[in-house]
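Student: Construct the complete structure from the given sequences, taking the supplied hints into account.
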Amino acid sequence: MLVRSKPVRTVLRWQLIVTVAIALAAWPFAGAGGAVSAALAGSINLIAGVAFFAIASLGRLGSAGATVERALRAEAGKVLVIIAALWTVLSTFKGIVFVPFFAAFALTALLPAVALLVRDDPVPRPGADKTA
1 MLVRSKPVRT VLRWQLIVTV AIALAAWPFA GAGGAVSAAL AGSINLIAGV AFFAIASLGR
61 LGSAGATVER ALRAEAGKVL VIIAALWTVL STFKGIVFVP FFAAFALTAL LPAVALLVRD
121 DPVPRPGADK TA
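The C-terminal position of the sequence shown is numbered 132 in the working numbering, with every residue numbered one higher than the one before it.
Be aware that one or more of the hints could be misleading.
Claimed, not checked - Distance windows between CB atoms, simulated:
| hint | residue 1 | residue 2 | range |
| --- | --- | --- | --- |
| 1 | A25 | V79 | 19 to 29 Å |
| 2 | A106 | S63 | 34 to 44 Å |
| 3 | L86 | A21 | 40 to 50 Å |
| 4 | P28 | R60 | 47 to 57 Å |
| 5 | A84 | R60 | 21 to 31 Å |
| 6 | T92 | G31 | 16 to 26 Å |
| 7 | R73 | R9 | 35 to 45 Å |
| 8 | S63 | W27 | 42 to 52 Å |
| 9 | V68 | L24 | 35 to 45 Å |
| 10 | S63 | A113 | 47 to 57 Å |
| 11 | V114 | A25 | 32 to 42 Å |
| 12 | K94 | G59 | 33 to 43 Å |
Just so you know, the hints here were simulated from the structure itself, not pulled from any lab data. Glycine residues also receive a C-beta, built at the ideal position from the N, C-alpha and C atoms.
Tutor: Take a look at the structure:
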């Protein structure tokens with residue numbers, strides 16, 4: 001399941017933390033507009049990450065080809081969500097402050113690489129001795 005995966009939880013948690021941190025850091029320097037800009041940018045990647053993990057968790061894996069196909073579909077879905085969200089935010093919110101917006105967007109876009117460094121929770125094997 002999607003939310004039971006430790007790497008997924010870690011990536012989403014860190015995206016949220018970085019988004020909030022940049023928004024709070026932007027407030028004194030760029031005002032409320034800067035904080036909102038950072039929050040919107042970070043939210044775009046947070047939502048895109050959820051879309052990626054949701055698409056990646058659909059269906060069964062039958063082969064290496066199916067795994068690659070699923071990863072490509074998930075990445076394409078994430079890119080479409082990012083494009084649609086960026087278009088929506090940039091066309092409707094006229095008070096974008098570029099520096100906090102770009103900082104939050106860039107940092108939260110890089111965070112999914114953290115998933116490669118996080119070990120997933122081991123799944124206990126049926127009948128395995130738990131005292132060993």
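Student: Enumerate the violated hints, using their earlier numbering and listing them in ascending order.
Tutor: Numbers 3, 7, 10 and 11 - these are the hints that the structure violates, sorted from lowest upward.
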